[in-house]
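**Q** Put chain W on the given structure of chain G with help from the hints.
There are 2 protein chains.
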Amino acid sequence: MGIDELDEQVCPVARAIGRVGDAWTLMVLRELFLGARRFEEIRGHTGMSPQLLTRRLRELTETGIVARRLYQDRPRRFEFELTEKGADLWPVVVALNSWGERWAKPELEEPLISLTHRACGHVIEPALTCPECGERLHARAVKARMSEPMKRDRALRRDKHRQGVRPAPG
Amino acid sequence: MGIDELDEQVCPVARAIGRVGDAWTLMVLRELFLGARRFEEIRGHTGMSPQLLTRRLRELTETGIVARRLYQDRPRRFEFELTEKGADLWPVVVALNSWGERWAKPELEEPLISLTHRACGHVIEPALTCPECGERLHARAVKARMSEPMKRDRALRRDKHRQGVRPAPG
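Chains as they are written, first to last, in this note's numbering: chain G, 20 to 189; chain W, 20 to 189.
Check before you lean on any hint, since a few could be wrong.
Identical copies carry no separate label here, and so any pair may be met within one copy or between two of them.
To be verified - Restricting the straight-line Cα-Cα distance to at most 25 Å, the calculated cross-link-like pairs of lysine to aspartate or glutamate (DMTMM-like) are: (1) Lys104 / Asp41; (2) Lys104 / Glu144; (3) Lys179 / Glu81; (4) Lys179 / Glu167; (5) Lys124 / Glu78; (6) Lys179 / Asp107; (7) Lys179 / Glu151; (8) Lys162 / Glu81; (9) Lys162 / Glu78; (10) Lys162 / Asp107; (11) Lys162 / Glu60; (12) Lys162 / Asp92; (13) Lys104 / Asp178; (14) Lys162 / Glu98; (15) Lys179 / Glu154; (16) Lys179 / Glu103; (17) Lys124 / Asp41; (18) Lys124 / Glu154.
Treat the hints as calculated values from the structure; they're not laboratory data.
Excised from the complex, chain G in its bound form (with noise of 0.2 Å):
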């Protein structure tokens, strides 16, 4: 059972799963928000090997997250860049930034990343709100209605699941 399989699922959560998902992958985002470009800082910054690397930013860029940029030509030299589409996961780094820093350090441990907001010149750390009342937002605030091809392909799943059902390990 690869991730491959959930881009099949009709659930737009899966699908981003599926192309981004990965530690390894989340960890190569992380550099690029940063500011790193070259494939040696990457791997500085990560410790991940060569093999993984390379593989992690094929994948990021033929699925359009990343773009190479040639930098050097003897010997070939590229630099990775995001995308739009790239550019377009801040929140999921960020949202993973704000968990860690509450969630996931040692106690009395100083915040380890600030954020500027530069418009404002505030510190901040940005605020999952709604755009309509500009209230802020957490998990119970929000209903979430699933369309009709989405509640379909899930019951479609859950019946497959049944006839094929031992019972549960607890």
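**A** Frame of chain G, contents of chain W only:
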């Protein structure tokens, strides 16, 4: 090189990725946010094998992201729900959802999940905004500054990497 190592990085993003940056972990979170509670329900919707789902739920319980609740005694059966720490991952799943709706779907497909803000009643797409000035944020609007401990950790990794570096393949 396992994702366990990410936990050693002095970086909130790496630490968050080390805990939830895995496709199947994220799929379990999707299910819990969509309201699934029971093992077979999560299995049916995600297509995970019992072994894989058992492992992911155990990890999520150990890291305090998910809590188990006994709902049946004979045989013993547990329900799973997000803790406060888990519910705080909502922005990650919302960000994946928004990106998936925009960038990972066939043309002409209608939105698959509609989100209604209970307080104001509008169907919305949650927006990442500046809590100081209210402006909508995107990658370039915000400057990230790393703290000294994070910079030191990155410099250390970079130096260690440079000592062992061989020519880059790309």
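**Q** If a hint holds in the structure, say so; if it doesn't, say that too.
**A** Verification of the supplied hints:
1. Lys104 / Asp41: both (17 Å within a copy, 21 Å between copies)
2. Lys104 / Glu144: both (23 Å within a copy, 17 Å between copies)
3. Lys179 / Glu81: Neither, since 32 Å and 31 Å both go past 25 Å.
4. Lys179 / Glu167: within (18 Å within a copy, 53 Å between copies)
5. Lys124 / Glu78: between (31 Å within a copy, 17 Å between copies)
6. Lys179 / Asp107: Neither, since 35 Å and 32 Å both go past 25 Å.
7. Lys179 / Glu151: Answer is neither; intra-copy 40 Å and inter-copy 49 Å both fail.
8. Lys162 / Glu81: The answer is neither: 34 Å in one copy and 28 Å across copies each exceed 25 Å.
9. Lys162 / Glu78: Result: close neither inside a copy nor across copies, 34 Å intra and 27 Å inter.
10. Lys162 / Asp107: both (23 Å within a copy, 16 Å between copies)
11. Lys162 / Glu60: Between copies, since 20 Å is at most 25 Å while 42 Å is not.
12. Lys162 / Asp92: neither (53 Å within a copy, 32 Å between copies)
13. Lys104 / Asp178: For Lys104 and Asp178, the Cα distance exceeds 25 Å both inside one copy (35 Å) and across copies (32 Å).
14. Lys162 / Glu98: Close across copies (21 Å), not inside one copy (42 Å); limit 25 Å.
15. Lys179 / Glu154: neither (41 Å within a copy, 46 Å between copies)
16. Lys179 / Glu103: neither (38 Å within a copy, 33 Å between copies)
17. Lys124 / Asp41: both (21 Å within a copy, 19 Å between copies)
18. Lys124 / Glu154: Intra 28 Å, inter 29 Å, cutoff 25 Å: neither.
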